[in-house]
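K.L.:
Each chain, written out:
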Amino acid sequence: MKKRSRKQPKLKKKILSSELSLGPCGKPFEERKCHNFCQLTSDMIQVFKAEGAILDANPAWFQALEYSNQDLSQLTVFHIVHPKDKKEAEDIFLAVLRDGKPRKFQGTFVGKSGKELKVEGAVSRLLHQGKPYALSGIFHDVTRHKHYEHLKDEFISTVSHELRTPLTVVREGVSQVRDELLGPVPDDQKALLDMVLQNSDRLARIIEELLDVSRLEAGQVRLHRRLCDLAVVVREVVENFKIIVKRKNLEIFTDFSPETIEIYIDRDKIIQVLNHLLNNALKFTDQGHIKIHLRVREGFAECKISDTGKGISPKDIPLAFQKFSQFDREVGPGDRGTGLGLSICKKLVELHHGRVKIESVPAKGTTATFLLPQYTHREFFKDAIAQAMSRCVDKGSPLSIIIFDILDFEALEKKLGVRQVERIVLKMEKIINGALRRVVDVAIKDTKAIMVLLPDTPRESAFIALGRISQILEDYLIREQMTPGVELHSSVVCFPQEAKTLEEILDKIYA
Amino acid sequence: MKKILIIDDEPQILLVVGTRLKVNGYTVVTALTGEQGIKRAKKELPDLILLDHVMPEMDGGEVLDYLQKDPITKHIPVLIFTANVKEVKVGEVQMRGAVDCLFKPFTSQQLLAKVKEVLDKKT
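Residue numbers (our numbering), protein chains in the order written: chain A, 1 to 511; chain B, 512 to 634.
Everything labelled a hint here was simulated from the structure, so no lab data went into it.
Hints may be right or wrong, so weigh each one.
[Stated by the list, open to error] Here are some chain A residues the structure puts well away from chain B; computed CB gaps all over 12 Å: (1) A50; (2) L182; (3) L192; (4) A204.
[Stated by the list, open to error] Negatives, chain A to chain B, calculated, CB over 10 Å: (5) V110; (6) E149; (7) D179.
[Stated by the list, open to error] The following label-pair restraints were derived from C-beta to C-beta distances: (8) B:T544 with A:G52: 33 to 41 Å; (9) A:E162 with B:I583: 44 to 52 Å; (10) B:T618 with A:T447: 31 to 39 Å; (11) B:L526 with A:F321: 37 to 45 Å; (12) B:T544 with A:T158: 20 to 28 Å; (13) A:R468 with B:H586: 20 to 28 Å; (14) A:E487 with B:Q620: 50 to 58 Å; (15) A:Y148 with B:L526: 51 to 59 Å; (16) B:D611 with A:E162: 51 to 59 Å; (17) B:T544 with A:E162: 15 to 23 Å; (18) A:K414 with B:D570: 56 to 64 Å; (19) B:T618 with A:A191: 42 to 50 Å.
Since this is a predicted model, take the numbers as computed values, not measurements.
Glycine is no exception: its CB is placed at the ideal position from the N, C-alpha and C atoms.
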C-alpha cells in the first residue's frame, strides 16, 4: 500500500488538473491555483475507487473526519459512509463510473471518533488516459444546518400544538356568547363577535397549514396510496363547492377524457390539493366560470383547473409557490388566505412524484395544472415497499408482506376471459383493503397476485392476518361461485428477517 | 337524557364544552385527571366519554386501556379529543378501542355532530 501512495501523487496531480483545468471561460487555470483551491476550501474532497479504496483527500476532509495521512491506506470509503447509506452510495458510485454523469449524494459520514456528519455533495468520474480511473467527491458539511432545520420544525410543531387548546376555549367561549346561551346580545355586539369568530377560524387555519408545511418539509408526511378513480374524486370535490358556486353566480364545467382514470394516490391528500385550487379559483373569480379538465398523457394524469378571474401578474407567478406569499389582496373585509396553501399543494403533488404549475393572464384568468404519474402496479408496489421499509427502519420494526398468488393464471384467463379475471383480482384487492384494520396497511394488486404490506408486523402476526384474510377471500369466492376455479397460494416475506434489501424482497416475491 | 363524562386537565375546556353539551340537552359529568375520570366512569356509567389525550400523570391512552379492560366500563364509547395532531392517529386510537378522534380546535357544530353520531350508533 505504501508503494502505491508513493507512486500516486504524480498521477493525482494529473487527474485533478485534467478535470479541473478549465475555467468557465475555457482558459486553463494554473495547476497551482487548482491545488490551492483543494487545499484551502472548507469542503471535503476525496479521490477514491468505486470499490472503496481512498486514494487522496484534502485537508478539510482530514480535519472534518479526524483521520491522518497514515490512516488513509487502511481506509475505504465505506468506513466513512454510514452503514445506512452504504447501499445508496454504492449504487451512486457504480452509476457514475459507468456513464460518467456526476450525481448528487446526501447522507451521513462517520469520523474516526464515531462522530456523525450530515453531508451533501456530488460525485464525478475521473479519467486517466481517456479511461475511467477513479471517482472524486466534493462534500459540504451540513450537520449544523440540518440541526437548525430540525429545531425549527420542532418549534413550529410544538407552538402549533400549544395554540390549539387555548384557541378551542376562545372560539367556543365567544361562540356561546354569540349564540346567546348566556343571555340576549344586541345586534351590533353580535357583529363584533362574528368578527372574532371569523378571525379565530383564520388563526386555526394558519396553525393547521403551518403544521402541514412543517411536517411536509421535515419529511414526516407519508402517503397512504390506494387505487382510486380520479374522476370520481374530482366530482366529489366539485359537489362540495356547489353552494359557494351558486352563491357567487358562477358555473363549474367538467370535461373528463377518459371518463374513468384509475390511479394510485393518497385520496385525502389529493382532495386537499383540489380543495385548495378550487377555492383559489372561486376566490379570485367574480364572473364567468371555472373549468376542470382531466386528461391522460404520457403516463401522467393531468388535472387542469381554469378560471375566468382577475388573474395573476407575470411578475407574481414565480412567487405563487413560496410560503406566505399573497398578492393582489383587496382592501377591506373578505376571506383572507394564509399564503401557505399553494406551497402545500406543490409539496403534496411532489410527494406523489408529480408536478404542478400555474399559468395566468391578468384580467383573463388563471389555470392551475397538476400532473400525477400513473404507475404500473409493479412500479407502485416497489414504491410502496420502499416507503414501508423506511418507516420500519426508522422505528426498528419488522415489515411483513403477504403474497396471494393466483394459480394457473393463464388457464384461468382462457376459461373466464381477461376482463373477468381482472375484475376478480380488483375486487379481491378491494375486499382485502376493506378488511385491513390499520391505516398503514395496504393491499396492492399486480396482474397475477395481490400483495399485502403490513408495517410494524412480525412474521407470526402476519400469519394471523393471513388466516383472517384467506377466510374472507374464500367466502367471497364461494359467494361468487368461483370455487373450484380461482385457486390462491399464499406466502409471507418478512423484512429484515428474510430479505434485507428492496431487491431481495422483490426477488422473493416474484421468484 | 344522555349522560356524557368529560375528562380533561384544562378546567376551561370542561367549562366551555360542558356548557355547550348541557344547553343541547345532555347531562354532563366532568373529571380533571385520568384517575378521577376512571372513578367517575365506574360510578356514573355515562353513555359517552370525551377523553383528552395529553394529560399529566395518567394520559388519555392509559385511561382508555384501563376503561377497555374493566368489564364495567368497556362498553362505554370513548371519543378522544386532542390538540396533538402529530402524535395521535385516528386509526391507532381506534385500534386501542376508542370510537373516533376530535381534533382541537373544534367548532360546536363539529362537537355536537360527532357526539350525536356516536350516541346514535350506540343505540
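K.L.:
Confirm or reject each hint.
P.N.:
Each hint, compared with the structure:
At the 12 Å boundary, the C-beta of A50 of chain A stays outside the reach of chain B, the nearest C-beta of that chain being 41 Å off. With a closest Cβ-Cβ approach of about 8 Å to chain B, L182 of chain A is found to fall inside the 12 Å limit, against its non-interface label. In this structure L192 of chain A is separated from chain B by more than 12 Å, as the shortest Cβ-Cβ distance comes to about 19 Å. For A204 of chain A, the shortest C-beta to C-beta distance to chain B comes to about 5 Å, within the 12 Å cut-off, and the non-interface label is violated.
Once the 10 Å rule is applied to beta carbons, V110 of chain A is consistent with being away from chain B; the minimum gap is 30 Å. Consistency note on E149 of chain A: stated as away from chain B, and its beta-carbon is indeed over 10 Å from all of that chain's, at 17 Å minimum. Listed as a non-interface residue, D179 of chain A fails to keep its Cβ farther than 10 Å from every Cβ of chain B; the least gap is roughly 8 Å. Take T544 of chain B and G52 of chain A: their Cβ atoms lie about 59 Å apart, and the range 33 to 41 Å is violated.
The hint said 44 to 52 Å for the Cβ distance between E162 of chain A and I583 of chain B, and at roughly 36 Å that hint is violated. For T618 of chain B and T447 of chain A, the hinted distance range of 31 to 39 Å is not satisfied, since their beta carbons lie about 47 Å from each other. Take L526 of chain B and F321 of chain A: their Cβ atoms lie about 43 Å apart, and the range 37 to 45 Å holds. Between T544 of chain B and T158 of chain A the CB atoms are about 23 Å apart, so this pair conforms to the stated range of 20 to 28 Å.
A C-beta distance of roughly 24 Å is found between R468 of chain A and H586 of chain B, which places it inside the suggested range of 20 to 28 Å. Between E487 of chain A and Q620 of chain B the Cβ separation comes to about 52 Å, which falls inside the hinted range of 50 to 58 Å. Taking the beta carbon of each, Y148 of chain A and L526 of chain B are about 40 Å apart, not inside 51 to 59 Å as hinted. The given range of 51 to 59 Å is broken by D611 of chain B and E162 of chain A, whose C-beta atoms sit roughly 24 Å from each other.
Checked against the hint of 15 to 23 Å, the pair T544 of chain B and E162 of chain A passes, with Cβ atoms roughly 20 Å apart. Distance hint check for K414 of chain A and D570 of chain B: the Cβ-Cβ separation is about 59 Å, which falls inside the suggested range of 56 to 64 Å. Checked against the given bound of 42 to 50 Å, the beta carbons of T618 of chain B and A191 of chain A, roughly 19 Å apart, lie outside it.
When each numbered hint is compared with the structure, violations occur for hints 2, 4, 7, 8, 9, 10, 15, 16 and 19.
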